[in-house]
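The sequence shown: position 103 = 110 (the working numbering), numbered continuously.
Read the hints as simulated data drawn from the structure, not as lab findings.
Any given hint could be a false lead.
Computed beta-carbon distance windows for the label pairs [claimed, not checked]:
1. Val-11 to Ser-52: 43 to 53 Å
2. Ala-18 to Ala-90: 35 to 45 Å
3. Asp-72 to Thr-112: 21 to 31 Å
4. Ser-47 to Thr-14: 20 to 30 Å
5. Ser-47 to Asn-114: 12 to 22 Å
Cβ atoms here follow ideal geometry from the backbone N, Cα and C, with glycine treated the same way.
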Amino acid sequence: YDPVIPTSWDASRQALNDMLDAILTSFKAVVPNVIRKNWSEIPASFTGETPLVYLGSIVETITHDSGLRQSTFTGEIGYVDVASDNQEANTRANSFADYMREVFTANARISVGATGTGALDGILQQTGLREADTSQGPLNGFMNLVLDYQFVIQEGRS
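Please model the entire structure based on the sequences and the hints provided.
This is the structure in structure tokens:
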């Protein structure tokens with residue numbers, strides 16, 4: 008058997024990560040003082056860096072049907088804040104939640120580059136927003152909003 012070795016590949020997972028990072032960077036520029044730092048993963052410590060945003064897990068599900076491959080990415084974006092004034096932290100968290108809802112709506116169709124094969128079109132949508140308990144060791148009292156999203160790419164295969 009002679010294996011087929013592709014000379015190009017779909018880099019949509021990294022493109023998704025880069026796209027989400029660009030969204031968060033744009034948010035920091037447009038709405039100052041709501042995010043101090045954004046992380047491409049859950050940070051080792053929340054202390055001294057809040058309010059912060061992190062990209063949580065990304066789960067990829069792949070299905071094949073009639074010459075099509077569909078990749079569905081589901082993931083989380085977390086917003087963590089702590090302030091001596093809970094109303095201040097709540098206002099910042101609500102600003103983040105409201106802005107993200109609008110950003111996901113405005114960017115529903117996304118083209119991502121695929122190495123050597125051109126762009127792929129995908130559908131990006133926010134699927135939920137929830138509060139989650141968060142603590143680190145003896146520290147608690149963090150506000151943690153978790154935004155759930157889905158990104159779907161479908162492409163033909165020969």
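How the hints compare with the structure:
One distance hint, 43 to 53 Å for the beta-carbon pair Val-11 and Ser-52, holds here, with the actual separation near 46 Å. Distance hint check: the CB atoms of Ala-18 and Ala-90 are about 39 Å apart, consistent with the given range 35 to 45 Å. Between Asp-72 and Thr-112 the beta carbon distance is about 29 Å. The supplied range of 21 to 31 Å therefore holds. For the pair Ser-47 and Thr-14, the beta carbons lie near 28 Å from each other, so the given range of 20 to 30 Å is met.
Checked against the hint of 12 to 22 Å, the C-beta distance between Ser-47 and Asn-114 comes to roughly 19 Å, which is consistent with it.
Hint violations for this structure: none, all hints satisfied.
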